[in-house]
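J.: Kindly produce the complete structure, drawing on both the sequences and the hints.
Protein chains in written order, with our numbering: chain A, 1 to 110; chain B, 1 to 113.
Hints listed in this document are in silico derivations from the structure and should not be mistaken for laboratory results. Just so you know, not all the hints are guaranteed correct.
Said to hold, decoys possible - To give an idea of the chain B side of the interface with chain A (calculated C-beta under 7 Å), a few residues:
| no. | residue |
| --- | --- |
| 1 | Gly42 |
| 2 | Leu43 |
| 3 | Phe45 |
| 4 | Thr101 |
| 5 | Phe104 |
| 6 | Gly105 |
| 7 | Pro106 |
Glycine is no exception: its CB is placed at the ideal position from the N, C-alpha and C atoms.
As a plain string of letters, each chain reads:
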Amino acid sequence: AQSVTQLDSQVPVFEEAPVELRCNYSSSVSVYLFWYVQYPNQGLQLLLKYLSGSTLVKGINGFEAEFNKSQTSFHLRKPSVHISDTAEYFCAVSGDKLSFGAGTTVTVRA
Amino acid sequence: KAGVTQTPRYLIKTRGQQVTLSCSPISGHRSVSWYQQTPGQGLQFLFEYFSETQRNKGNFPGRFSGRQFSNSRSEMNVSTLELGDSALYLCASSLNRMTDTQYFGPGTRLTVL
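T.: In structure tokens:
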């Protein structure tokens, strides 16, 4: 079975500051990892995914994540956030099904 | 290309009733998955359908069921509604496998009174 733990439930950040959202996973099989974003009153949108290959994955809207097998982590980063990045972010791991973390609410302040 | 559509967007029911939610996947996508999202439990996997067959199922009671039609459209049904079934129900479609990108619909907000 696979599972995901998002270490921060809420992350407040000032506009143009960097942000890091932490995600640890556990899986007994090959790991496929995803980050999704959910804007208010909308469904989820894929930011990026790791299936294999380079451990640094670049996604949409300037986000990137690094897969670290030894630390079983897949942290999401953005060097400079905008007000429009205010949303809930979900880390997910895929095995026989897609399992989501509890989510991290990012609030960007001017 | 049109995205995943879900109908209805909002629904109010009373305890004991049943409800059917509909999901139309992106054209060409054969896999449809359903999720329940609540503030307390977060996003939980309900089931996945592929080519009209249930391929995977989450830990939900038998009151939750689904099906997929030959055109890949999917429905989920909840019978004997309970207050705790109030949630946002999300549908996602992908080409074939769970490792393919899942595209989510806007969800159906179900309120049980």
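J.: For which of the previously enumerated hints does the structure constitute a violation, in increasing order of number?
T.: Hints that this structure does not satisfy do not exist here, as all of them hold.
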